[in-house]
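Undergrad: This is what each chain is made of:
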Amino acid sequence: MFKKILIANRGEIAVRIIRACRELGIATVAVYSDVDRAALHVRKSDEAYSIGPAAAAESYLRMDKILDVAKRSGSEAIHPGYGFLSENAKFAQACADAGVKFIGPTPHSMEMMGSKTRARQEMEKAGVPFVPGTSRGLTSPEEGEEVAERVGYPVMLKAAAGGGGKGMRLVHTRQELRSALESAQSEAQRSFGDSEVYIEKAIVNPRHIEMQVLADEHGHTVWLGERECSIQRRHQKVLEESPSAIVDPDMRRRMGEVAVKVAKAANYTNAGTVEFLVDQQKNFYFLEMNTRLQVEHPVTELTTGLDLVHLQIRIAAGEKLPFAQCDVEIRGHAIECRIYAEDPDNNYFPSPGKITLLLVPSGPGIRRDSGMYEGWNVPMDYDPLLAKLIGYGTDRQQAIMRLQRALYEYFVAGIKTNISLFQRILCDADFQAGKFDTGYLDRLLAEGDPAVTSGAPEREIEALETIAAIAAGMFAVLDPASPVSKNGDTGGPASVPSNWKQKGRSEALR
Amino acid sequence: MIYEVIVGGKPHRLELEKAAGGWECRLDGLSIHIDALVPRRDVLSLLVDGRAYEIKREQTATDLHMWVGSSRFAVELHDPRSLRSRQKSAGDEMGPRKILAPMPGRVVRLLVAENSAVEAGQGIVVVEAMKMQNEIKSPKKGVVKKILATPGAAVNPGDVLAIVE
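For the record, the sequence lines run as chains F and Y. The numbers in my numbering rise by one with no breaks, and the one at position 432 of the first sequence is 432. The numbers in my numbering rise by one with no breaks, and the one at position 51 of the second sequence is 51.
Next up, chain Y with everything else stripped away, as it sits in the complex (with noise of 0.2 Å):
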């Protein structure tokens, strides 16, 4: 199995192949023997060179994080022979970003108006849970193509709240 690997913000090049009693994982050209094991759902143990870790795998509405004890890591995976995940990886970057609702909640207003022009960081909407209001904001400048969001809808995880070009 070949991967690309992106891991806070660096990529790798891992190829990980069954061998006896393990692995043999190569990572940039480095080879290194592990032990692999998934006593449970989204749990790894890992012996590498006799250390054991623990890995705990966390996927969320937006990302995937792998927390190697107390430390989370965001971690993007590809295989480097699908051209869609580079796409999808591309488009990400460059093209219009959609703004997701990161908890479930109820929209409580609108900060902006469809077509308006935004800067990073400005709030587009605000999502109410537990009694609290959060400003959801724009993670870049540009114009409010769409606004989906309804004022006193519930939203879920996920949701695409708007959508910034």
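With the rest of the complex left out, here is chain F (with noise of 0.2 Å):
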């Protein structure tokens, strides 16, 4: 087993990785920008190296850095987590060559499951189902109309490199074809360096199915049950769940056996999720593989009583899967809400800055991924998401009805964020009766305000302002000296001098 591992990361999945490392008796090496001095996993570590400025590319995203610092530590190994480097295959290259234990697959698995149309190409080859259409980039708008008469409209237009729904488009007849063809190959040459477009017919309504896999270096593979993440906010996963409320035991068995042919035919091995677009027919096809430790990772640690970062640095130390197919057993139902910094009443703006008052959540069924702390500045610099809320449950009616109390006692002042989203969520009828697709969310934001759609009865809303108005009277009178940041104080004098030489290096840049 590994002495010492280096996380390459920041945020909660620095936090959640660093416990694994505790709990295994391994000691733990951070990383940090200028703006995560004073960041959560910088706190929870054994040791901690500054790796430069605040853009990712700076810090995050230099392998020269990152694999300097695993040299001066003594770091034998180095965890990823998701995001940055994590499905960059030179730098699992460049680990390799360093002597370092890249915790992933191979480079091979993964350049081959970073392009979308190679890895088409290849599960072609394998016999895995995928949505019809090219496996090849289009060299043509000619190409592209033929392709697209051939498996009927709607079509969809996708980025080889893509992600996020960069370079996607929809298209719905021939006009629409050549122009939207364009867009994309420009977005994707502008997003990805790399204008590669395919094309596949387009699931109309589909669900977003996705299944855990799991592979020794000995050959050993296993899947570990389906997550749900149908609800997304504009192509981004908002809310997983597993087990997904259409999939039944042969169904799930199906996809399980696809998903390990998938990784088999890309000799994959540690931790991987093969995604999934599901029909109304519930005919599932092969999206893509990640080649990653997923964000929504632990809805499948609470229904297995798997913990998939352990079984991750075990595999990467050359252990044998300690389990076999048989064993795993899917008991009970997880849900998780991505608690994001971003402001439901300014179309989900993105809202940094500092955490005046944090109350969180605990009690039966509650597991919370955190990192965020009250007094914390929470940067502009990176991703949005703070933390994440799991609720588990005997069935999936016990674990929203948990996770409604918890979001309930959840609170974060000082910035916004999206707590309120997941409450509508939760209450609305379709999402408990199971009936949604990846556009549910979509529409159901587009409906309007909550406040007004759910039309709290007026008298109590009255009683509540009663209350509001004593209470801001007994604030002032009980607790005056409030903690109110002024203009510019952004907490305390360790933050001062990044602050300064970010502006100097933003005006520098131009």
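Please note that the accuracy of each hint is not assured.
Each computed EDC-like pair below joins lysine to aspartate or glutamate, with the alpha-carbon atoms no more than 20 Å apart [as the list claims (entries may be wrong)]:
| hint | chain 1 | residue 1 | chain 2 | residue 2 |
| --- | --- | --- | --- | --- |
| 1 | Y | K131 | F | D479 |
| 2 | Y | K10 | F | E217 |
| 3 | Y | K140 | F | D345 |
| 4 | Y | K10 | F | E465 |
| 5 | Y | K131 | F | D343 |
| 6 | Y | K56 | F | D479 |
| 7 | Y | K56 | F | E409 |
| 8 | F | K166 | F | E176 |
| 9 | Y | K56 | F | E462 |
| 10 | Y | K56 | F | E124 |
| 11 | Y | K141 | Y | E128 |
| 12 | F | K166 | F | D442 |
| 13 | F | K4 | F | E76 |
| 14 | Y | K56 | F | E465 |
| 15 | F | K201 | F | E142 |
| 16 | F | K166 | F | E124 |
| 17 | F | K4 | F | E319 |
| 18 | Y | K131 | F | E58 |
Just so you know, the hints here were simulated from the structure itself, not pulled from any lab data. Keep in mind it's a predicted model, so treat the numbers as computed, not measured.
Hey, can you piece these two chains together into the complex? The hints should help.
TA: Below is the structure:
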């Protein structure tokens, strides 16, 4: 087993990995950028090293700096978390060259799955079902028109290097295709430096369901059940659950077997996720494989009773999987809410800043993976994910009720969060009935202001207004020294120099 | 203590007086006995006739909010004897309005020039944070008196970006 692991990440996932290491008796090394000196992962690790300015390209994406820290600290392995360098085959190769174990698949598997067209070609060979279309980039608009005619409109144009909805276009008619292809190609070029775009039949109102797999380095591969990820806002996952309301044991087994086939075709090792699109007849199609630990891995941990990060580390250390497929049992139901620093009243715009008050939920069936704390200044430079709140119950209904209770207890002041969004989703009749697809949340939000639509009785609101009025006065009497962060106060003297630096840099960059 | 409290746009007169076992509270002339405790900063435990409430206080760069359960109320608190607080609130309604940065970020570009006429809701400045761009809009119809934001500069919540009159 490793004695020391470097965590090449930040935020809640870095904290989660540090916790796993501590449980296994492994020392941890954190890396941090200038604006993350006060971040929770730096406080929780055994060692921590600065790797440069706020911009990720200058710090968390710098392979050379991270490998240098690994060498200096004597780290034997690197856990990349998700995002940043986690799916970068060059980084995995650089780790191997430096004699540091990369906790994840081999560079070869990552390369194969990194390009969507290349993955489709391999899966075609392996006989895995995927959405009809091309497995190579389009060479001309005419070719696109011909394929679209063959598979039938509507069709989806997708960037081969894509992700997060970038370089993606839904096309309903032949007339739209040419201009959609041009804009998808230029967006793909801008976002990924690669203009390759392919075409596939658009599945109308699909569900997005993925399967967790785990493979050791001795040829054993298992599946650990599905995650329902259809609740998305603009192609970004917001809430995930396991199991899916529409997957029965037979479908689960079939999806699991296909996922294992995909992993084996890629010679896959460590934890990975095979994503499927599911149509209204419950046919499932291979979409892509994510070659990393997923944000939503906790729902699988709760329903299987396994610790995926422990297992990732054990597999990387050369151990065999300690169980077989027949030992995997799915029990109960888990739902995860991604708590983002974003403002529901302002079109979910990111909301960084200082957390002035934080009240956190706990109690039965509640797990909270968090990277924030009261008094912390959420930097503006990274992804707005603050924490994940996961509810577990005997069944789906109990998991929902526990989450509703926990969300009622959760309170974050100073910055805006999307906590109210989950209160809205969890009490929605269609969600409770399990009736939704990937377009569900955007439709729900288009319905308008929840305060107006929910229509709480006038009298109830008036009664609460009375309480609010009395409370405002009582606060003024009992707690007059409001800790109001005045303009420019960014949380104490420690953060002042970095602000200066940041300003200087942004000016120097212009 | 006497306060003028505005909740949801409605003004109330609130009187609070220490009494045996709590506080005597008169809201718009109606008398209620309450028990109030601040267990920690910004959190108030309020007992009213056996009903228990936990209220959280949030002060943003621009507003004061009271959270009762999951419901948020915008609140203004004035001391009616203080002339200054009245003048301030009147000035906010009628005169020049400051446009404040709602969150830390970086000014990307200006959408209008000084002295140009703008409509209520028209974008004035674009501020970027967490890789998203946000248009900061004018709260009223008028003329952009002054622009203090400069493209490329970092801003903190509450910083004045522009003034519309």
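Undergrad: All hints are to be evaluated individually against the structure, with a verdict given for each.
TA: Hints, one by one, checked against the model:
no. : hint             : result
1   : Y:K131 to F:D479 : violated (37 Å)
2   : Y:K10 to F:E217  : violated (68 Å)
3   : Y:K140 to F:D345 : holds (19 Å)
4   : Y:K10 to F:E465  : holds (9 Å)
5   : Y:K131 to F:D343 : holds (15 Å)
6   : Y:K56 to F:D479  : holds (12 Å)
7   : Y:K56 to F:E409  : holds (11 Å)
8   : F:K166 to F:E176 : holds (18 Å)
9   : Y:K56 to F:E462  : holds (18 Å)
10  : Y:K56 to F:E124  : violated (57 Å)
11  : Y:K141 to Y:E128 : violated (24 Å)
12  : F:K166 to F:D442 : holds (17 Å)
13  : F:K4 to F:E76    : holds (6 Å)
14  : Y:K56 to F:E465  : holds (14 Å)
15  : F:K201 to F:E142 : holds (16 Å)
16  : F:K166 to F:E124 : violated (24 Å)
17  : F:K4 to F:E319   : holds (17 Å)
18  : Y:K131 to F:E58  : holds (16 Å)
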